[in-house]
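Work out the full structure, taking the sequences as your base and the hints as a guide.
Protein chains: 2
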Amino acid sequence: MPDNSTEQSKCRIVVDAMGGDFAPQNAVVGAVEALKLNPDFELFLVGRKAEIISVLQKNNLSFDENFIVNAEQVIEMGESPTNAIKAKPDSSIVVGAKLVRENKVDAFVSAGNTGAMMSASTLIIGRIPGVGRPTIGAEVPNIHGTCYLYDVGAGKDAKPIHLVEYAIMGSIYAKEMGGVANPTVGVLSMGEEEGKGNEVANEAYNLLKKSRLNFIGNVEGRDILTGKVDVVVCDGFVGNIILKFGEAVPKLLKHLLEQTAKKNILDALKIVLVKSTLRKALKSLDYQEHGGVPLLGVNGISIIGHGSSTPKAITNMVLKAKLMYERQLVDKIEKSIKEYSN
Amino acid sequence: MPDNSTEQSKCRIVVDAMGGDFAPQNAVVGAVEALKLNPDFELFLVGRKAEIISVLQKNNLSFDENFIVNAEQVIEMGESPTNAIKAKPDSSIVVGAKLVRENKVDAFVSAGNTGAMMSASTLIIGRIPGVGRPTIGAEVPNIHGTCYLYDVGAGKDAKPIHLVEYAIMGSIYAKEMGGVANPTVGVLSMGEEEGKGNEVANEAYNLLKKSRLNFIGNVEGRDILTGKVDVVVCDGFVGNIILKFGEAVPKLLKHLLEQTAKKNILDALKIVLVKSTLRKALKSLDYQEHGGVPLLGVNGISIIGHGSSTPKAITNMVLKAKLMYERQLVDKIEKSIKEYSN
Numbered sequence: 053m054p055d056n057s058t059e060q061s062k063c064r065i066v067v068d069a070m071g072g073d074f075a076p077q078n079a080v081v082g083a084v085e086a087l088k089l090n091p092d093f094e095l096f097l098v099g100r101k102a103e104i105i106s107v108l109q110k111n112n113l114s115f116d117e118n119f120i121v122n123a124e125q126v127i128e129m130g131e132s133p134t135n136a137i138k139a140k141p142d143s144s145i146v147v148g149a150k151l152v153r154e155n156k157v158d159a160f161v162s163a164g165n166t167g168a169m170m171s172a173s174t175l176i177i178g179r180i181p182g183v184g185r186p187t188i189g190a191e192v193p194n195i196h197g198t199c200y201l202y203d204v205g206a207g208k209d210a211k212p213i214h215l216v217e218y219a220i221m222g223s224i225y226a227k228e229m230g231g232v233a234n235p236t237v238g239v240l241s242m243g244e245e246e247g248k249g250n251e252v253a254n255e256a257y258n259l260l261k262k263s264r265l266n267f268i269g270n271v272e273g274r275d276i277l278t279g280k281v282d283v284v285v286c287d288g289f290v291g292n293i294i295l296k297f298g299e300a301v302p303k304l305l306k307h308l309l310e311q312t313a314k315k316n317i318l319d320a321l322k323i324v325l326v327k328s329t330l331r332k333a334l335k336s337l338d339y340q341e342h343g344g345v346p347l348l349g350v351n352g353i354s355i356i357g358h359g360s361s362t363p364k365a366i367t368n369m370v371l372k373a374k375l376m377y378e379r380q381l382v383d384k385i386e387k388s389i390k391e392y393s394n
Numbered sequence: 053m054p055d056n057s058t059e060q061s062k063c064r065i066v067v068d069a070m071g072g073d074f075a076p077q078n079a080v081v082g083a084v085e086a087l088k089l090n091p092d093f094e095l096f097l098v099g100r101k102a103e104i105i106s107v108l109q110k111n112n113l114s115f116d117e118n119f120i121v122n123a124e125q126v127i128e129m130g131e132s133p134t135n136a137i138k139a140k141p142d143s144s145i146v147v148g149a150k151l152v153r154e155n156k157v158d159a160f161v162s163a164g165n166t167g168a169m170m171s172a173s174t175l176i177i178g179r180i181p182g183v184g185r186p187t188i189g190a191e192v193p194n195i196h197g198t199c200y201l202y203d204v205g206a207g208k209d210a211k212p213i214h215l216v217e218y219a220i221m222g223s224i225y226a227k228e229m230g231g232v233a234n235p236t237v238g239v240l241s242m243g244e245e246e247g248k249g250n251e252v253a254n255e256a257y258n259l260l261k262k263s264r265l266n267f268i269g270n271v272e273g274r275d276i277l278t279g280k281v282d283v284v285v286c287d288g289f290v291g292n293i294i295l296k297f298g299e300a301v302p303k304l305l306k307h308l309l310e311q312t313a314k315k316n317i318l319d320a321l322k323i324v325l326v327k328s329t330l331r332k333a334l335k336s337l338d339y340q341e342h343g344g345v346p347l348l349g350v351n352g353i354s355i356i357g358h359g360s361s362t363p364k365a366i367t368n369m370v371l372k373a374k375l376m377y378e379r380q381l382v383d384k385i386e387k388s389i390k391e392y393s394n
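The listed protein sequences derive, respectively, from chains B and P. Just so you know, we're using the working numbering here: the first sequence kicks off at 53 and counts up by one. Just so you know, we're using the working numbering here: the second sequence kicks off at 53 and counts up by one.
Calculated from the structure, these hints are not laboratory results. Not one of these hints is a red herring.
The list cannot tell twin chains apart, which means a pair is met if one copy fits it or any two copies do.
Capping the alpha-carbon separation at 30 Å, the derived lysine-lysine pairs in DSS-like fashion look like this:
#1 Lys303 to Lys332
#2 Lys248 to Lys211
#3 Lys335 to Lys280
#4 Lys211 to Lys384
#5 Lys332 to Lys88
#6 Lys88 to Lys101
#7 Lys248 to Lys140
#8 Lys261 to Lys211
#9 Lys315 to Lys332
#10 Lys150 to Lys248
#11 Lys327 to Lys306
#12 Lys150 to Lys390
#13 Lys315 to Lys227
#14 Lys327 to Lys314
#15 Lys303 to Lys314
#16 Lys306 to Lys280
Below is the structure:
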């Protein structure tokens, strides 16, 4: 790859060509599409060079081979993350993370093994000084726009201070990436009153009350969707369960509509008629639209996608990485974490 | 009230006439409607007798005044539960719970202050021997029917043994009330593999593996909706958040449809046309259809409704209480808890 570690200002993004259930096809096609849409960054592809070239040719895509970084190994979706990143030093995930650590690129995007991507990002790229635990957030569409929910799976059994870190990082993300001026922050709880959380949530409440964040207190499960609050923090165990529950909602709706259609021919006809409209309405619930989720708190940009990512999802992940770079997310998080500690 | 504490076999249900945002109107009308639909039980109304009679007259309902149990005090929706049940011994909730404890009725139904209803049920009616913590469940509609989710708010910071109790009680409920032959049980977790839970979930996993329940291991948030499992257990903190998140989903859908309608006149017309069909499809998501939720593990039948319960919701709660009585839920739970302990 070209040595551009000095004097660069253009964002440099490496995409894991081998990551995802439909790799290298979807990853390569989606990444190159992002470059077509927005040529103002440098795109690298990491993975088996021969396979990448084959996909490029098959899809009639022109791409400078100098920007392909060869990595012969592949971490499969089912592999144990920590073992895999040790056992496969020449895997696309390990090589990609190293490119960020060595400042050869600014961002790493992968739809591969989520756990391996988290481990590689945390262990190889490393954490931002002062961050105890990096976090994965979800951008949940709601009645007023978006709720930024942290943590949805980077860590379970979080300590209260971790929830504060999530709140700091989530507020920056909501402001810089979501354009929310002074994001409100709530602790996910069983009721609005103080003391309505579990032990961790209640202690996080006390810490957040003393912080400089725009803290509004406890919020409930419904408030993720009602738009009462911009940033919601919770233990990764809770957030992950909500996220996966929410992802299954469109499937349930589809099922309920099918059941209704079966019972009555008129309803069936109406449902056929309205299908495209419903699809439009539910578009914002489709995670493919959002691309992947960034792992905040690592010392570089790391975006993790769904294993089933489509080319479009990959494209969106790349463009998100670019925006995070332009908005200087990593530097801003480092500064805010430092301010909180002092 | 008539003394029927001996030689009874007919189910006796007392409804809190003062419970809920629209009491006594909705509670009285809904309760009497249940009796009309199914006269094969004894209905009592507890609350301010004069107000109850006024509602009966206003709605042209005939009801034997001997079955009205006077209670002059009312626990308001916002009151602190534990204080309220001490400070208001002549409240409908306290008097109703005492009727169960004294075996003057078999079941108590209220849409009043949820916390007060839980406290009164646990402290006055008392727990079934061997039950460490009673539980409130949710019946979540899903692709294969219903998922029985415990606990959704009776207690937070549950211990692993509490999750086992929830699994025992939930399995009985799913079998007796839902007609599920040999209900599968899962522990809510971040992944399917063993060890994917937090500390409490992982320990509950170990206990459930050794139990006689039809335990299938860890399940994820999506499995509540995919129908992979009949009974799902979790800490009340997690369950309550999911429940409230789920309750807000129809509102989000409404909003998304409205937004789509605003953008395009054809979509707007289609949405108007399909409205009644959508309402049919989403009917099962409406908690009013399900009536209230039983507090399992107390030594009697206690059903707690939403504050905003309609008369229909009250009717459904009463009929649910009757079915729980006929299926001998309390006895069966006592027996199973005893078997587990031995």
